[in-house]
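Number of protein chains: 2
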Amino acid sequence: MNKLALSQIQTPVSNELLEFSKEFKKYLKSDIRLVEFAIRFILSQKGKKIRPLLVLLAAKISGGVGDRSFRGASLVELLHTATLIHDDVVDKASKRRGLPSLNKIWGNKISVLVGDFLLSKGLMISVENDDFDFLKTITNTVKKMSEGELLQIYKAKKLDIDEETYFKIISYKTASLISTCCEIGARSTTDDLAKIEALRNYGEYIGIAFQIQDDILDFIGKTKIFGKVQGGDLKEKKITLPLIFALNNSSKEESKEIYRALKKGVKEDEIEKIISFVINNGGIDYSKGIAELYSQKAKDSLNIFEESDSKTALIKLIEFVVNREL
Amino acid sequence: MNKLALSQIQTPVSNELLEFSKEFKKYLKSDIRLVEFAIRFILSQKGKKIRPLLVLLAAKISGGVGDRSFRGASLVELLHTATLIHDDVVDKASKRRGLPSLNKIWGNKISVLVGDFLLSKGLMISVENDDFDFLKTITNTVKKMSEGELLQIYKAKKLDIDEETYFKIISYKTASLISTCCEIGARSTTDDLAKIEALRNYGEYIGIAFQIQDDILDFIGKTKIFGKVQGGDLKEKKITLPLIFALNNSSKEESKEIYRALKKGVKEDEIEKIISFVINNGGIDYSKGIAELYSQKAKDSLNIFEESDSKTALIKLIEFVVNREL
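Same order as they appear, the protein sequences are chains A and B.
Following the working numbering, the numbering of the first sequence begins with 3 at its first residue and continues without gaps.
Following the working numbering, the numbering of the second sequence begins with 3 at its first residue and continues without gaps.
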């Protein structure tokens, strides 16, 4: 993660991000001691807070950051944190953000309950402040995120996926929340549907570009440094864009062989071979092109806005997402 | 479970329960095939649907069952089902309602995601129909339920609990949802705050009586038939009302010995001994008395309503809850 680049993107809302952090802590109060302990632990795992950043930048470019913007930022960060905690339980992850995961320290039961607490807390902030427009978008997003993950698992089981399904999966499981962050930021400060729509689209496109880059990095990223395993998706039979393209652009014989390997479970010594197959058949180059295309679409979505520091930051964020190597 | 007694309680809203089942199935649609499979499986595990029953009876006694009542019933049943699925994952349960649990068949990941899907679906029904009063009560309930469970775990770890904390735990983890069912039923059909308050109280009291009876049955219930283990709470270091009373009403020496056993983990051959300790020191009789007291409070809460079939059913439900032996 390039910290310098990120801090440049944060500049137009740096004061607002500080205020957000204060607000966020206020929401994380409970009179149950165990909840307090867990929350203090979660706050010590400092995330990049990309989602609140998106809410605040989208608010700023749409009119200005206000109380509703801070509430929106808290809502998405609470939801995101709850999701990460539940994910770690399900994936039996032992680390999160360089520290032990909550489930590793407190066990599954407490982790699932703390996740539920954070999610309901996020929803309560919206309910209590009559931010019903936020609720409409966020509940739809939670539904889409679970459906996207389930579709991916189903397709992995069947080993049957095409580009269209791939885009549906990543739109649901990844882009929907990012898009919602931008939409909520805009809605927190304006009723102008053109602005809301523009920022929702920006979020959708940058979300798709982000996930494609993530899927590319699973093949060629220098992820080993951070303990992430290369080819992790292959082991889980997740067929992503680079592989889909390579399978469609190789000889029948070659692609049959890859399917056979996937079907019986990819072994450590087969991963290098499949990665070469993907590279040699243009899967990485093609995916980079498509990520670039969605970056351009994200950028074009901002055309209706005048030049400003926030607009520059949102554009930089696109480059940041697509050029990252981790 | 006494099926005859339950069917008598259902009589005043038997048509409405049928209509509810139809509505409920409609909500459980998804264009993701794996979600459809999981839902069909969940529908095959026929629960007692006590919570929708409460919503419908509360609506009927407050004015009449309408569209909003059905939506409220679906909301609580979706939330309840999601909670059960997540519970089964956390507890590694292999059975639910006499059939294999969802996690047993589909695995943890799919189960957690299906739970999230059901929860968000429930919230979406309310959001899309502008049932914001339902959302206010339900999000607060989800928060309380997680806090109640976490408080119980925390107190189990510390082996430190008094009656006051016990009542807070069971009010949060159990009574809050039952109370919310009754409140939502009333709100679905009336603005009369006296009626809403009366039914909310009825739910709170019957919920507390229900949980006390549950805790009594953990000591003396004939639960072995159904594969439930007697003394399960003891093994999890959950100190419930019968034991709290017995500890406070025995010799210092005796109670010290019990604490010692709990601290190092209760073994199979110690369970009988602790059960006898609880019985001999009046823990069961006292708890029965308190359950009776809350039953009476639940009944009294209904005083403001005129006699009707629904009122009779709600009163019968109290007896059903407190006299059950399973």
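It cannot be assumed that every hint is accurate.
For chains that are exact copies, the list does not tell them apart, and a pair is met inside one copy or across any two.
[Unchecked claim] Dumping the calculated DSSO-like pairs for lysine-lysine here, alpha-carbon to alpha-carbon at most 27 Å:
1. Lys170 / Lys111
2. Lys275 / Lys138
3. Lys266 / Lys111
4. Lys24 / Lys301
5. Lys269 / Lys5
6. Lys5 / Lys111
7. Lys160 / Lys31
By construction, these hints were calculated from the structure, which means they are not laboratory data.
Now the hints, each set against the structure:
no.: 1; hint: Lys170 / Lys111; result: between (32 Å within a copy, 20 Å between copies)
no.: 2; hint: Lys275 / Lys138; result: neither (46 Å within a copy, 55 Å between copies)
no.: 3; hint: Lys266 / Lys111; result: between (33 Å within a copy, 21 Å between copies)
no.: 4; hint: Lys24 / Lys301; result: neither (31 Å within a copy, 46 Å between copies)
no.: 5; hint: Lys269 / Lys5; result: neither (35 Å within a copy, 54 Å between copies)
no.: 6; hint: Lys5 / Lys111; result: neither (35 Å within a copy, 33 Å between copies)
no.: 7; hint: Lys160 / Lys31; result: between (44 Å within a copy, 21 Å between copies)
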